[in-house]
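Novice: Chain residues, written in single-letter form:
There are 2 protein chains.
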Amino acid sequence: MKVPIIKDVLEYNKEHANINRDLFKKKDILVINLLSSPGAGKTTLIISTIELLKNKYNIGVIEGDISSTYDADKIKKYIDAVVQVNTGGTCHLNASMIAKALKEIDLENIDILFIENVGNLICPVGFDLGEDYKVVLSSVNEGDDKPIKYPNIFAKSDLVLLNKTDILENSDFDIALFENTIKELKYDSTIFKVSAKTGKGLKKWAQWLELKIKKAD
Amino acid sequence: MKVPIIKDVLEYNKEHANINRDLFKKKDILVINLLSSPGAGKTTLIISTIELLKNKYNIGVIEGDISSTYDADKIKKYIDAVVQVNTGGTCHLNASMIAKALKEIDLENIDILFIENVGNLICPVGFDLGEDYKVVLSSVNEGDDKPIKYPNIFAKSDLVLLNKTDILENSDFDIALFENTIKELKYDSTIFKVSAKTGKGLKKWAQWLELKIKKAD
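Chains as they are written, first to last, in the numbering used here: chain A, 1 to 217; chain B, 1 to 217.
I should point out that these hints are in silico values taken from the structure, not numbers from a laboratory. C-beta: ideal position from N, C-alpha, C; glycine also. Please note: incorrect hints may appear among the correct ones.
Which chain A residues stay away from chain B? Per the calculated CB distances, all over 10 Å, these [stated by the list, open to error]:
{"#": "1", "residue": "D111"}
{"#": "2", "residue": "D128"}
{"#": "3", "residue": "K200"}
Selected chain B positions facing chain A (in silico; Cβ < 8 Å) [as the list claims (entries may be wrong)]:
{"#": "4", "residue": "S37"}
{"#": "5", "residue": "P38"}
{"#": "6", "residue": "D65"}
{"#": "7", "residue": "S67"}
{"#": "8", "residue": "S68"}
{"#": "9", "residue": "Y70"}
{"#": "10", "residue": "C91"}
{"#": "11", "residue": "G119"}
{"#": "12", "residue": "I122"}
{"#": "13", "residue": "C123"}
{"#": "14", "residue": "N141"}
{"#": "15", "residue": "G143"}
{"#": "16", "residue": "K149"}
{"#": "17", "residue": "L177"}
{"#": "18", "residue": "T181"}
{"#": "19", "residue": "L185"}
20 Å max Cα-Cα, derived PhoX-like pairs, lysine-lysine [to be verified]:
{"#": "20", "chain 1": "B", "residue 1": "K149", "chain 2": "A", "residue 2": "K74"}
{"#": "21", "chain 1": "B", "residue 1": "K149", "chain 2": "A", "residue 2": "K76"}
{"#": "22", "chain 1": "A", "residue 1": "K149", "chain 2": "B", "residue 2": "K74"}
{"#": "23", "chain 1": "B", "residue 1": "K26", "chain 2": "B", "residue 2": "K100"}
{"#": "24", "chain 1": "B", "residue 1": "K76", "chain 2": "A", "residue 2": "K149"}
{"#": "25", "chain 1": "A", "residue 1": "K212", "chain 2": "A", "residue 2": "K27"}
{"#": "26", "chain 1": "A", "residue 1": "K54", "chain 2": "A", "residue 2": "K149"}
{"#": "27", "chain 1": "A", "residue 1": "K14", "chain 2": "A", "residue 2": "K100"}
{"#": "28", "chain 1": "A", "residue 1": "K203", "chain 2": "A", "residue 2": "K54"}
{"#": "29", "chain 1": "A", "residue 1": "K54", "chain 2": "A", "residue 2": "K27"}
{"#": "30", "chain 1": "B", "residue 1": "K103", "chain 2": "B", "residue 2": "K27"}
{"#": "31", "chain 1": "B", "residue 1": "K186", "chain 2": "B", "residue 2": "K156"}
Okay, chain A solo, but in the shape it has when bound (with noise of 0.2 Å):
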């Protein structure tokens, strides 16, 4: 009896994921769904992107956390479409959540919404939220063996981001395990090494969000 009702709920979101993507097409926004576990630095890497894009680019951002405006607020300096969804205890960001926070966007003036999911390795990824690409963040400090123990979103997400590595000459993180890891799981992966605080290695993350940009300039 369990299977049917876990379809069920799967089936909800595609609906509404698929009802999102059309919306986003339709205002050609780039969509970002970013993933990573608690900690890895998701609030300060969109600090540091809208920092490096703001001047070029409109940027919203759907704030996703178990309970608080923590994060929301902190990225409320640097924007003004920024919207805080409260799962109120749910492990994941789901479609209906994000439907719902996109009524309070003015989505004609965003080029790029970055969606901030609850800080989780194991249960946002089944989650499609309508976007264009899921993007990873590790962080240098929760240890290079984190694409063994959690392939999955390893596996499902379209670019991985190695964050603070800032720190990396002084650990013994084994950076060939960590990105032969993501290669056996997902052969083409692309991984980039940021340090979203020091700005170090940026430039790409950026450039690779500029190539995926869906607005005529």
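Model the placement of chain B on the given structure of chain A, informed by the hints.
Specialist: Leaving out everything else, chain B in the frame of chain A:
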């Protein structure tokens, strides 16, 4: 229709948890359910604790992971009584997984059993495994805002270990914010600052464990 089914799952889990708890009581085993984000240092903490206490107590470990035996293999170098539980995709251990794992351990010879839960700050806290204590490990790298963003796990745990404090001095981690948020969630919380890697602060943690030991000397 969904609510009664979720209830059933939790009720079914509670029944198994109570069976586990009776068994732990009968065998005088202290059982710790260890919770954290991915990469916060649970495995390193377990290994350092084994090193500190192995001459006095027999220690067993149940390793919970989505997939792989990566962490269990590491611990196997230090003790024999290690069992890996692969959840296959589920974001937490449950009591019946533990019941099955217990069949693989000679419980007569165990004083302390560590259950390393799946790396996740959300799902595991809702599932009683029959343990005596929930201990949550949070690392400096994850940031001082984890208790704000994931309040439930801090409110429901019996002890908080702040790990990776060897980097505390050179970080912008606000220790007062971290501690005050936890105290607001649970006024009588105990918080130990440790570094599982360097060993700093682990004596207090070991003493806390020794106070809870059930087996007679």
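Novice: The structure should be examined with respect to each hint, and the outcome stated for every one.
Specialist: Checked hints:
For D111(A), the requirement that its beta carbon stay farther than 10 Å from each beta carbon of chain B is met, with the minimum near 28 Å. With a least beta-carbon separation of about 16 Å from chain B, D128(A) lies farther than 10 Å from that chain, consistent with its non-interface assignment. Every CB of chain B lies more than 10 Å from the CB of K200(A), the least distance being 17 Å, so the non-interface label holds. Contact between S37(B) and chain A, as hinted, is supported at the beta carbon level, the nearest pair being about 5 Å apart and thus within 8 Å.
Interface restraint check: P38(B) against chain A, minimum CB-CB distance 5 Å, threshold 8 Å, status holds. Interface restraint check for D65(B): the shortest CB-CB distance to chain A comes to about 6 Å, inside 8 Å, so the restraint holds. Checking S67(B) against chain A: minimum C-beta separation of about 6 Å stays under 8 Å; hint holds. Among the interface hints, the one on S68(B) holds; its C-beta lies about 5 Å from the nearest C-beta in chain A, closer than the 8 Å criterion.
Among the interface hints, the one on Y70(B) holds; its C-beta lies about 5 Å from the nearest C-beta in chain A, closer than the 8 Å criterion. With 8 Å as the threshold, the beta carbon of C91(B) comes within range of chain A, its nearest partner Cβ sitting at about 4 Å, so the hint holds. The criterion of a C-beta within 8 Å of any C-beta in chain A is met by G119(B), whose closest approach is roughly 7 Å, and the hint holds. Taken as an interface hint, I122(B) checks out: its beta carbon lies about 4 Å from the nearest beta carbon of chain A, inside 8 Å.
Residue-level restraint check for C123(B) holds (minimum Cβ-Cβ distance to chain A is 5 Å; threshold 8 Å). Here the hint on N141(B) is kept, as its CB sits about 4 Å from the closest CB of chain A, short of 8 Å. For G143(B), the suggested interface contact is upheld, since its CB lies about 5 Å from the closest CB of chain A, less than 8 Å. Given hint, K149(B) at the interface with chain A, holds; its Cβ is 6 Å from that chain's nearest Cβ, closer than 8 Å.
Annotation: interface hint on L177(B) violated; nearest CB of chain A at approximately 11 Å, more than 8 Å. A hinted interface residue such as T181(B) counts as satisfied when its beta carbon comes closer than 8 Å to some beta carbon of chain A; here the least separation is about 10 Å, so the hint is violated. With a least beta-carbon distance of about 11 Å to chain A, the hint placing L185(B) at the interface is violated under the 8 Å criterion. Taking the CA atoms of K149(B) and K74(A), the gap is near 13 Å; set against the 20 Å cutoff, the hint holds.
Simply put, K149(B) and K76(A) have alpha-carbon atoms about 17 Å apart, close enough for the 20 Å limit, and the pair holds. Annotation: proposed proximity of K149(A) to K74(B) holds, straight-line Cα distance about 13 Å (limit 20 Å). A hinted pair counts as satisfied when its Cα atoms are at most 20 Å apart, and K26(B) with K100(B) qualifies at roughly 17 Å. Proximity of K76(B) to K149(A) is assessed by CA-CA distance (about 17 Å); at most 20 Å being required, the pair is judged to hold.
About 14 Å separates the Cα atoms of K212(A) and K27(A), which keeps this hinted pair within 20 Å; it holds. Of the pairs offered as hints, the one joining K54(A) and K149(A) is violated, with about 36 Å between alpha carbons and a cut-off of 20 Å exceeded. Proposed proximity of K14(A) and K100(A) is supported: the alpha carbons are some 15 Å apart, at most 20 Å. For the hint pairing K203(A) with K54(A), the CA-to-CA distance comes to about 14 Å; that is within 20 Å, so the pair holds.
Between K54(A) and K27(A) the alpha-carbon distance is near 19 Å, which keeps this suggested pair within the 20 Å criterion. A hinted pair counts as satisfied when its Cα atoms are at most 20 Å apart, and K103(B) with K27(B) qualifies at roughly 13 Å. Annotation: proposed proximity of K186(B) to K156(B) holds, straight-line Cα distance about 8 Å (limit 20 Å).
Hints 17, 18, 19, 26 from the earlier list are contradicted by this structure; the remaining hints agree with it.
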